[in-house]
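Heads up: the sequence lines are chains A and B, in that order.
Note that this note's numbering has the first sequence beginning at 6, numbered continuously upward.
Note that this note's numbering has the second sequence beginning at 21, numbered continuously upward.
There may be inaccurate statements among the hints.
Below, simulated BS3-like cross-link-like pairs (lysine-lysine); rule was C-alpha separation at most 30 Å, straight line [what the hints assert, rightly or not]: (1) Lys84/B <-> Lys67/A; (2) Lys317/B <-> Lys67/A; (3) Lys358/B <-> Lys15/A; (4) Lys432/B <-> Lys457/B; (5) Lys202/B <-> Lys106/A; (6) Lys215/B <-> Lys15/A; (7) Lys15/A <-> Lys432/B; (8) Lys317/B <-> Lys272/B; (9) Lys403/B <-> Lys96/A; (10) Lys403/B <-> Lys202/B; (11) Lys78/B <-> Lys67/A; (12) Lys55/A <-> Lys202/B; (13) Lys385/B <-> Lys55/A; (14) Lys403/B <-> Lys15/A; (15) Lys67/A <-> Lys272/B; (16) Lys111/A <-> Lys272/B; (17) Lys385/B <-> Lys67/A.
Beyond 12 Å from chain B on every Cβ pair, some chain A residues (computed) [claimed, not checked]: (18) Asp23; (19) Glu71; (20) Glu92; (21) Arg108; (22) Lys111; (23) Leu115; (24) Ser120.
FYI, nobody ran anything at the bench for these hints, they're computed from the structure.
By construction, the Cβ of each residue, glycine as well, lies at the ideal position given by its N, Cα and C atoms.
Chain by chain, the residues run as shown.
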Amino acid sequence: MEIEECFFTKEHEWVSVDGDVATIGISEYAAGELGDIVFIEFPDVGQKVKQMDPVGTIEAVKTVAELFSPVTGEIIEINEEVVDNPEIVNKSPYEEGWFMKIRMDKSSELDVLFSYEEYNDFLGEE
Amino acid sequence: MTGTIFEKGLHGRSGKYIPENDCPVDEALLPIQRKSSLGLPRIAEQGVIRHYMELASKNYHIDKGIYPLGSCTMKYNPVVNEEIARDNAFCGLHPAQDEADVQGALELIFNLQEALCEICGMDSFTLQPVAGAHGELTGIMIARDYFRERGEDRKFVIVPDSAHGTNPASVSTCGFTPVTLKSDERGMINPADLKEIISSETAVLMLTLPNTLGLFERDIGKIIEIAHDAGALVYMDGANMNALMGIVQPGKIGIDIMHLNLHKTFSTPHGGGGPGSGPVGVREHLSAFLPVPRVVKKIDSFEFSWGPEKSIGKVHSYFGNFNVLVKAYAYICRLGAKGLREVSENAIINANYLMELVGRFYDVKYPGPCMHEFVASAVNLKKHGVSTLDVAKRLLDYGVHAPTVYFPLIVKEALMIEPVETEKKETLDRFAGIMEKISREAAENPDLLHEAPVSTPVRRLDEACAARNPDFRWYEGK
Chain A
6 MEIEECFFTK EHEWVSVDGD VATIGISEYA AGELGDIVFI EFPDVGQKVK QMDPVGTIEA
66 VKTVAELFSP VTGEIIEINE EVVDNPEIVN KSPYEEGWFM KIRMDKSSEL DVLFSYEEYN
126 DFLGEE
Chain B
21 MTGTIFEKGL HGRSGKYIPE NDCPVDEALL PIQRKSSLGL PRIAEQGVIR HYMELASKNY
81 HIDKGIYPLG SCTMKYNPVV NEEIARDNAF CGLHPAQDEA DVQGALELIF NLQEALCEIC
141 GMDSFTLQPV AGAHGELTGI MIARDYFRER GEDRKFVIVP DSAHGTNPAS VSTCGFTPVT
201 LKSDERGMIN PADLKEIISS ETAVLMLTLP NTLGLFERDI GKIIEIAHDA GALVYMDGAN
261 MNALMGIVQP GKIGIDIMHL NLHKTFSTPH GGGGPGSGPV GVREHLSAFL PVPRVVKKID
321 SFEFSWGPEK SIGKVHSYFG NFNVLVKAYA YICRLGAKGL REVSENAIIN ANYLMELVGR
381 FYDVKYPGPC MHEFVASAVN LKKHGVSTLD VAKRLLDYGV HAPTVYFPLI VKEALMIEPV
441 ETEKKETLDR FAGIMEKISR EAAENPDLLH EAPVSTPVRR LDEACAARNP DFRWYEGK
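Bound-form chain B, shown alone (with noise of 0.2 Å):
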């Protein structure tokens, strides 16, 4: 195992550019003159870079093979996003500068909102929210203030089980109580099920689409008459909009409010931590509670529109993670409305491809076609003793990164594999080549997956151990 950058650097090696004070001190500040030692790492310029060596190539990545992290949606992200983000045109700006000076930016953002309203068949977009769990805070709390403003007393909110995990937990926290609708053999919302549970007591009907299951539900047009029939509305969690792009624009088939993950669908690395961005679009009836300020075009400049005064407010600093549209911006411009309809169908093709190969060797409950994910599951390997965690820590010997597991719950020992657009049809052979070769060992040496992963930097972790005591903490010395 690596070494924290302060234990290597102990032996009173330093780093040290900064010379010696020779100015006069103001006698009035030596009593708050520091005495303790900064605790910065006493390590020189070549052992730092060393150390961040060592870690980046330890560490597995999008740059270094398949990523199928199933709802994660890690794929590639053009290399020109980023150089657009990073010119200094851009992130040389401040927040607080006067419009007039950040035309371009206001610019950026406007077509930005317009360019997601075309994609989604929205009337209005905010990009405030910076990250998909924010959006659908932001869009509930604007169901909230809609039916508040009707005088309406709605209490529930229903949310399928193939939803994703964060749909309840947004709903609890604007305050709603979140109803589950179990979904049908299919996989699907089944319409008599959500007609048996719906009421005039409904808020919002919230669901994934395409769902956690990877499925497309089929009864999309019904649902949503259903909900609207209740006086419901209906929010979709745009996170997997991979699928949908160029194919189905969800404000034309009645979706009232949606949130999209620009950090997933629209390129920018994803999964370091940050920073996300997660713009919701809602139809007419509801533009006006979006959060302010909103960037609207005057003839000939665009300029922060403060009102209306319905607006939910603000919900995050200044206009969201502004670096992340810019290469939402980019990606968009640079695929075109044409291009944008590939990266779904590719996305869809190689998941299904991948469907097919991995279903020969691991039980798919919920049967294609699929979108642009799909669950698998190694309930078959049981016979053997093997469970899908050990499936997923034998992946990590073979040089690629495991699948999400366990998730959703509606599917036992679960596989959530999304291939992504970006790989092309030898990696997906090789990926599955892997699968196959991983459930003949679970067969003939099923210790080899229990003892797995034997070539990582680390072992197997204790999981247990480290979710019940967990310790982040560093101390010299200790």
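Next up, chain A with everything else stripped away, as it sits in the complex (with noise of 0.2 Å):
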């Protein structure tokens, strides 16, 4: 995954996409500002979401945030390894660290999102 290829949201999720398919994860900004993530709990397989719903919550020690889809479409895939062992996302937020994939209903909705470069700037901001 080319992180400068990636989506972002004003919430520190990032997209990575493949065809229709959808990966998504939280920044390295993200999981720096939450600290040691404990917990994470994710929707099952199958449902289907809109963008901008919650789709989980992340638990860390000092902090419970939710996480938003950035995109409309359903859940194909959880990344069971992040549920059980929660530090990766702390460890390695792109790679390892992904939330889950999700099948697009239409990648229109991409162009609200931020763009690597865009993202930076919007850091820069908060």
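Build the complex from these two chains, which are given one at a time in their own frames, with help from the hints.
Shown next as structure tokens:
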């Protein structure tokens, strides 16, 4: 996965697109802000989600955050590894620490997301 | 670190006070006689006392010093309340006793219901729920049955992001879907934003007042009007009522349902795991839905009423945590209307005074005036590589309890500080002085903070490990 080709949300999720399948996770910045992640909960495979619907809960030592779906579609795969070992997300947010794959209904939704450069600019403002 | 009481008693010691059995044993009972040891600690009386004294001296509590845990109202609880609640006339009662034998207890429940109605401007109160979140659930159940009776199918409950974290959970548990309302740049609900998301499918607007930023909603009148115009009920999380007593009667400004935390506002020791009490008050149109039994007054007696049929039923065994009700009633009687107002005024003055002092060295994103608490932030120390957690841990080295940290979620590196009304000016000055000193240490010697605490019985704990692999068990010989 090339991080420069990913899309990002204001809520710090990243999306990597392969055909109509979007792989999502959270950015390195988000993982750093959350600190040690201790528990992750995802919906079941097969669930349909709308863009920016909550699709999971990320619990860190100091806080609990919601995960938002960057796209509309159906959840087709969950990364069980991060559910069992959430610390993977802190170690490798863009590689082993991916969360789930969603089959997108319409890839035009990606237009409203940030590009890598736009996301970095956004972080600069935060 | 202190070992468990079991570890201290493993070397053949004992505090044996039970004499050997000198009665004949029924043969028939022998097969079921216990063979294994009882597993009690093998320790003599003095060892027991020393063990618990050691733990008590290591513990930090309100009797030792300031406990500025935001949102928790860790205030001093007058001893007289304890004495009254411990009186055998109250604690010797059994909840299943006949009404005629417990008239005094019923009178106390009735009078407390009336007092809370007066303080909150509500028409009726139930004292059954035993925690704040339990009160929330009870209140939302009342709203659910209210709309069910009217034949209205409303699915959503709007919860501002400045509300207590339990609110959305209570909403979900009750079958509604929580919808988050973002607060505006003032840290408050913006009526225009509320209008955007409210609809005929909104059942309840559930707000915390004052909110978790310690702010009173400036537009509360408009906010309630918008909710009522949409046909929704307005629920107030009244856990922060210690800022409003004698100043605002929520029922009189249009709040339909609210709960109180007697173990915060009305002086029951809090933070030791309970017991708590979360009474729920409603206005007239919802009174029939309150849990039963309710205590009612007859001409010269008090009795339980099991009507009306619309009631959501029982939410707890018997009548809630009666012992906490006794303390709350004693507290209210002793202070009276004037005293309760002074409690709130002092809580507000203390918080504003401390915010002014702490705000000189830390960020305060939403400047005052605040109510009973305020939210500062250590985000200005980030440039030294210091986090809020480091500040909190360093406070322990100076012998004070840390404030609530990383809550509310809408403030980065939050330090949520509630000094409470029972702390005097010198204590606040000392706390502010320590906060100032820590901000200087952050700039001059950040490692002091990274390594903190160094003077506590245990150093910095591996919280991630504790959360990922919790192990609460202890085995003999382990």
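Results of checking the hints against the structure:
{"no.": "1", "hint": "Lys84/B <-> Lys67/A", "result": "26 Å, holds"}
{"no.": "2", "hint": "Lys317/B <-> Lys67/A", "result": "49 Å, violated"}
{"no.": "3", "hint": "Lys358/B <-> Lys15/A", "result": "49 Å, violated"}
{"no.": "4", "hint": "Lys432/B <-> Lys457/B", "result": "21 Å, holds"}
{"no.": "5", "hint": "Lys202/B <-> Lys106/A", "result": "29 Å, holds"}
{"no.": "6", "hint": "Lys215/B <-> Lys15/A", "result": "24 Å, holds"}
{"no.": "7", "hint": "Lys15/A <-> Lys432/B", "result": "16 Å, holds"}
{"no.": "8", "hint": "Lys317/B <-> Lys272/B", "result": "24 Å, holds"}
{"no.": "9", "hint": "Lys403/B <-> Lys96/A", "result": "23 Å, holds"}
{"no.": "10", "hint": "Lys403/B <-> Lys202/B", "result": "28 Å, holds"}
{"no.": "11", "hint": "Lys78/B <-> Lys67/A", "result": "24 Å, holds"}
{"no.": "12", "hint": "Lys55/A <-> Lys202/B", "result": "20 Å, holds"}
{"no.": "13", "hint": "Lys385/B <-> Lys55/A", "result": "33 Å, violated"}
{"no.": "14", "hint": "Lys403/B <-> Lys15/A", "result": "24 Å, holds"}
{"no.": "15", "hint": "Lys67/A <-> Lys272/B", "result": "38 Å, violated"}
{"no.": "16", "hint": "Lys111/A <-> Lys272/B", "result": "50 Å, violated"}
{"no.": "17", "hint": "Lys385/B <-> Lys67/A", "result": "20 Å, holds"}
{"no.": "18", "hint": "Asp23", "result": "32 Å, holds"}
{"no.": "19", "hint": "Glu71", "result": "9 Å, violated"}
{"no.": "20", "hint": "Glu92", "result": "7 Å, violated"}
{"no.": "21", "hint": "Arg108", "result": "25 Å, holds"}
{"no.": "22", "hint": "Lys111", "result": "24 Å, holds"}
{"no.": "23", "hint": "Leu115", "result": "24 Å, holds"}
{"no.": "24", "hint": "Ser120", "result": "25 Å, holds"}
In summary, the structure is inconsistent with hints 2, 3, 13, 15, 16, 19, 20 from the numbered list given earlier, while agreeing with the others.
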